[in-house]
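K.L.:
Since chain A is already given, all that's left is putting chain B on it; use the hints.
There are 2 protein chains.
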Amino acid sequence: MYSVRMRAAQGGAHEVGGHHISGAERIVSQEMVVQTTNDMLKRAFSHTRGQADFINIVVEKIDEDKMEEVPLLSVHTVLGNDVTAGHRAALKSLTQAGVTVRAAQSGMAALLSLTDSMGGAMLLCAVTGRRLDDTGLRGVRVSRMDIGDEQGFTAMLGDKDINNTHVREALVLASKVAAAPGMVAELCWSDDPEYTTGYVASSAGYIRIPHCKSLGSLLGGRVFFVKPDADMDMVEDYLRHQSVLVRMT
Amino acid sequence: MYSVRMRAAQGGAHEVGGHHISGAERIVSQEMVVQTTNDMLKRAFSHTRGQADFINIVVEKIDEDKMEEVPLLSVHTVLGNDVTAGHRAALKSLTQAGVTVRAAQSGMAALLSLTDSMGGAMLLCAVTGRRLDDTGLRGVRVSRMDIGDEQGFTAMLGDKDINNTHVREALVLASKVAAAPGMVAELCWSDDPEYTTGYVASSAGYIRIPHCKSLGSLLGGRVFFVKPDADMDMVEDYLRHQSVLVRMT
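Line by line, the protein sequences give chains A and B. Under the numbering used here, the letters of the first sequence match residues 1206 to 1454, in that order. Under the numbering used here, the letters of the second sequence match residues 1206 to 1454, in that order.
No lab work stands behind these hints: they were computed from the structure. Among these hints, one or two may not hold up.
[To be verified] Distance condition first, Cα-Cα at most 20 Å in a straight line; then the derived EDC-like pairs of lysine to aspartate or glutamate:
| no. | chain 1 | residue 1 | chain 2 | residue 2 |
| --- | --- | --- | --- | --- |
| 1 | B | Lys1266 | A | Asp1244 |
| 2 | B | Lys1247 | B | Glu1230 |
| 3 | B | Lys1266 | A | Glu1220 |
| 4 | A | Lys1247 | B | Glu1236 |
| 5 | A | Lys1266 | A | Asp1434 |
| 6 | B | Lys1247 | A | Asp1244 |
| 7 | B | Lys1247 | A | Glu1236 |
All figures in this text were calculated on a predicted structure; none of them were measured in a lab.
Just chain A, same shape as in the assembly (with noise of 0.2 Å):
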């Protein structure tokens, strides 16, 4: 098996400071390598956050020895008709995850501060809120993760109507955070001004949150709330590098 895996960015490389528009992740055999790496260029060249004029691919070898899998997180989506909903409805999941108000109030900040598109994610701790990584603008990077039965995973998203790439993504990528070492919950809503459905992620489930932001935002990004005593240096590895397939319940 072989990660695939894409960045996008406007305006020179994320290194050089360029504008994050796009990122893909995907765990395919040898033989999808090629349909998935064009998959994705074309995504990169027609993304509504702007086209790319930096993409990096990166296909690589999995040692499927070293491959966890991981279980699918159950999916809700909660009402709500407005951002002040969406945000109040966040907070309370973020609440009931098991993350401190303060620091849940501390995300909810970061995010709504961000004036461009992180890439990554910040890592806060789960009590007091405070930022834990060193990774500044740029956030830590979920890679090397893809859903197992990438039929059945269709067919159940197709079953409540929510067969979107956001989802797809989201969901899989939640899946792995949820089961990293120290994770306490996941606050997210999307970078993509059309898209505006958040969640808030943890180990008990996937909460979808109708309007986090307003429809045409070119902000968002993602926060990891994790526990005080977490081994930091063990969560962003585990992060960035361990292979997970996500595993059908």
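P.N.:
Frame of chain A, contents of chain B only:
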């Protein structure tokens, strides 16, 4: 136009000690990016040096105002029946291009003492033969170049019966290198075990030299001989970053 470049390694990425398998450089229109990427992936998976398990592809828009044109070097082939004759011809061609005997011998010795393929080139002083770059076993990679008139190039090489991937790529690279500030000459033979013809190139021309190594040898590389007073930052920046289209003359 887009620079599309690929590097492939075995045993992990180059940065973590992976063994270099292959590299490729093109400058193409956006319509050709997907096809070019596919060709590079196929090549990385089926190289005579082995199958890559790490492939990095970068697609980057080029500012056409900053693109330079350089002339295609004229091609000559010397005769010779064995490696001894090949090495003698290489030394002679280098000294005729302005490299001292001492520096030419030093460059030959550097290539002959390689224990793995470098991917990039070593930069030596054309007078003393001392290594001037500090890139160690990776070398300086020449990037962002292509032929301007692909059909004319194919026709010209076909007429000479040397229209193969090795010559195509080496001649474009050598034409860029020969136009670098402070460059005196280049010595190269391939790390492809099935290709033993090497070359010496300078602004005076590209001299093909049969039998620079034994058939089956995986060891080859590039040495660039530069003037003692060359500004090394400028030379390396040109080799790595200057976009160059090679013009048929």
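K.L.:
Tell me, which hint numbers fail for this structure?
P.N.:
The structure breaks only hint 5.
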